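As given, the protein sequences belong to chains E and L, one line each in that order. Residues in the first sequence are numbered consecutively from 1, following the working numbering. Residues in the second sequence are numbered consecutively from 1001, following the working numbering.
No lab work stands behind these hints, which were simulated from the structure alone. Keep in mind the model is a prediction, meaning the values are calculated, not measured. It is possible that some hints are incorrect.
As the list claims (entries may be wrong) - Dumping the calculated DSS-like pairs for lysine-lysine here, alpha-carbon to alpha-carbon at most 27 Å:
#1 Lys203(E) to Lys253(E)
#2 Lys229(E) to Lys29(E)
#3 Lys125(E) to Lys1221(L)
#4 Lys1122(L) to Lys21(E)
#5 Lys111(E) to Lys1046(L)
#6 Lys82(E) to Lys1122(L)
#7 Lys122(E) to Lys1221(L)
#8 Lys463(E) to Lys494(E)
If you want the building blocks of each chain, they are given just below.
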Amino acid sequence: MALLDVQDLAVSFVTRNGTNKAVDGISFKVELGKITAIIGESGSGKSVACYSLLGLVPMPPGRIDGGRALFEGRDLLQLEEKELRAIRGRDIAMIFQDPMTCLNPYMTIGKQLMEPLIFHNKVSKEQARARALELLAEVGMRDPESTIDNFPHQFSGGMRQRVMIAMALINEPKLLIADEPTTALDVTIQAQILKLISELQHKRDIGVIFISHDLAVVADIADEIVVMKQGKIVETGDREDIFHNAQNPYTKKLLAAIPSDCKQASTTAVEPLIQVRNLCTWFGQGKGKEPVKAVNDVSFDINRGEVLGLVGESGSGKSTIGRSILRLVPVTSGEVRFDGTDLTALEGRDLKSMRRRMQMIFQDPFASLNPRMTVYDTLAEPLLLHGIETRKTVAQGVLKLMDDVGLARAFVRKYPHEFSGGQRQRIAIGRALATRPEFIVADEPVSALDVTIQAQILDLMQKLGREYGLTMLFVSHDLAVVRHLADRILVLYKGQVVEQGTGDDLFERPQQAYTQQLLKSIPGRSLLA
Amino acid sequence: MWRFISLRLLQAIPVILVVITVTFFLVRIAPGGPFDSEKPVTREVKAALEAQYKLDLPLFQQYTSYLGDLAHGNLGPSFKYPGRSVNELIAAGFPVTAELGLYALLVALCIGGLAGVIAALKPNTAQDYIPMSLAMIGICMPSFLLGPLLVLVFGIYLDWLPVSGWGDIPGDKILPSITLGAGYAAYIARLGRAGMLEVLSQDYIRTARAKGLPQWQVVLKHSLRGGLIPVVAFLGPAFAGLIAGSFVVETIFQIPGLGRFYVQAAFNRDYTMILGTTVFLSVLIVLFNLLSDVLAAWMNPRLRAQFGSH
């Protein structure tokens, strides 16, 4: 008998705008000792399906329309709240996407870890603490004795996710539901967490549901894969089936979206547009403290028409380099030449006219768009500000931009919240292009997006790069994404360039240990080999 | 932490200095003087009085001399209560007002906090609408209306509680405390509701539910602390506001507190009393704001750590 047997589960949300079928009659099984991956884009219903099993979907607006979910023979959907609570956190535990927000910031991790153990098993505080320490050590926390009484903010993202995993496992559940547990993490940390989950699952021989939007992530660990789209299951199979013998066109599209190819080296004339020399950007910590050397003596050129990829994990200084070039943060020392002019010496009006030629695209398209401005206002503002269009011609200019970035003209009066993440990023790209820049800094422009959308946006950026003759600095923590787009790649570690070369150089012949480690962390490497 | 506190205290000095200066010259601009009472006094008597209280000196000299006294903690003699200093009068009135303010704050915190939390648990249902509508009424109803209403109902019709006095008859502190606290209870209810709603929508609340905790534990252990931080930050200004605004209630219920002295001083042009009370209250406001900021920061582990490192 399967550990969990979901049959014809249907969940909908009743809102003012009608009923939205989030999960539309899905069936799947989870076996003890196996990892079942549920793959789908945001909105495909994969999380809702799992939350509804545990009564974690708020009702209303949520509503379970039908189906059964047999967990060890008992139908979870029919249980009383009290019975369900006894299962939740004891027999079935969960890990969530964002370890930054999923731990209570007002409680020490020790208290949070001990809580489910004390609540469900009525053990003493001393016993619970001892168990918590054991588990922290098991999930790879260094020196648990001295960190157990720390608050969540004192840990890095990866460490917090380890705490979440320890918390989920503390009652030795039979089923673990992991909802995008690595999506918010750097690629190297992601590899560690995936390995940890896989190891813990083997050791305990428990069932795992692993929810992800990214097929590549589960390539190395999943036994069974369920592919979901718009509330329905489009394909189910074991790993071999899905990766080597996919039948459904949507599954094939997901597979194709895994960035694997390498950009062909371009043959444009070598004429540097950007020259960075000995750039240092330090952030002061106040008197008497060592400054944080975010960028420490970095030099490189970007040629006209070239896309330079900048790769590194969080804190490596890659975003700071982009911001330093645009003078969005004060440069400590060094030189940034744009078309021969030293930007670090410019002030006021000169800087403003230079800024028109350089633009930035940010990671989070929602946070960087003004929620009170329509697309029209957002795109018209830079056009008018820099005198590219007059009041009379601005409407035409806006529509042309919308065509260029692939947004339907009908959306022109809509506000940012009415768009999906991918569409918002298109708006952000349109805004960046509005001033006809020569140079664009793209700071993790696709890392907040689903993989298929990611591929679309990357294609769009590539196409626009050619059409507009753009020079680009493409910042990302994801080597695979950068390889897809960049002519040359710079690998950054702790504020310094550790290696540079073409995509092929780095992928085939990495010289530095750090680059090799980054390459090893790319999810789904087994597919590329 | 100490650095933060001393910095804030230093910043308060110019603020209080401005308050003193503005008040000092404003009360002088107001027509009339402390000795213009109904019964006219002879010119000689008036001149003697003015000399005694240094009112014959040029205005600027009076100002510097006042600041000099103030630096020694001396708020000067009262003009209307001969023989008594402003310090003595404040020392007599403040404990009563402080007690009233404290009770009112407790009333506000208990009623408001509870209403806010209850409302946030089931937003947009009757459980939310009823306390929040009451809160709106509480904010809109001035204490000079609520006080007499309460007196009418509980003091006269029902005859449960005494209608005036302070500490003379058992129970005479209840109505003034409720009257003074009601408006603040309403503010706290709204702040508490907003704070709780914010916290209850956080991911870590979902984590707590996923652990299998029942609703009351999710609320008490995981939500209350974060949700009530805005309320705590409001307590300082609220307490200062309660004390500064207590004169209406003190008048209604015949309470011998600081507020009544303050209002009488303004009518009487009792220059030193007005100034002294203003200085005292502004110091109080600064202190309580600081206190609640420190408390709110201390409740947030992240900020607490930052303070610790300084």
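Each hint tested on the structure:
no., hint, in the structure
1, Lys203(E) to Lys253(E), "34 Å, violated"
2, Lys229(E) to Lys29(E), "18 Å, holds"
3, Lys125(E) to Lys1221(L), "16 Å, holds"
4, Lys1122(L) to Lys21(E), "25 Å, holds"
5, Lys111(E) to Lys1046(L), "73 Å, violated"
6, Lys82(E) to Lys1122(L), "19 Å, holds"
7, Lys122(E) to Lys1221(L), "17 Å, holds"
8, Lys463(E) to Lys494(E), "33 Å, violated"
Hint compliance for this structure: hints 1, 5 and 8 are not met, and every other hint is.
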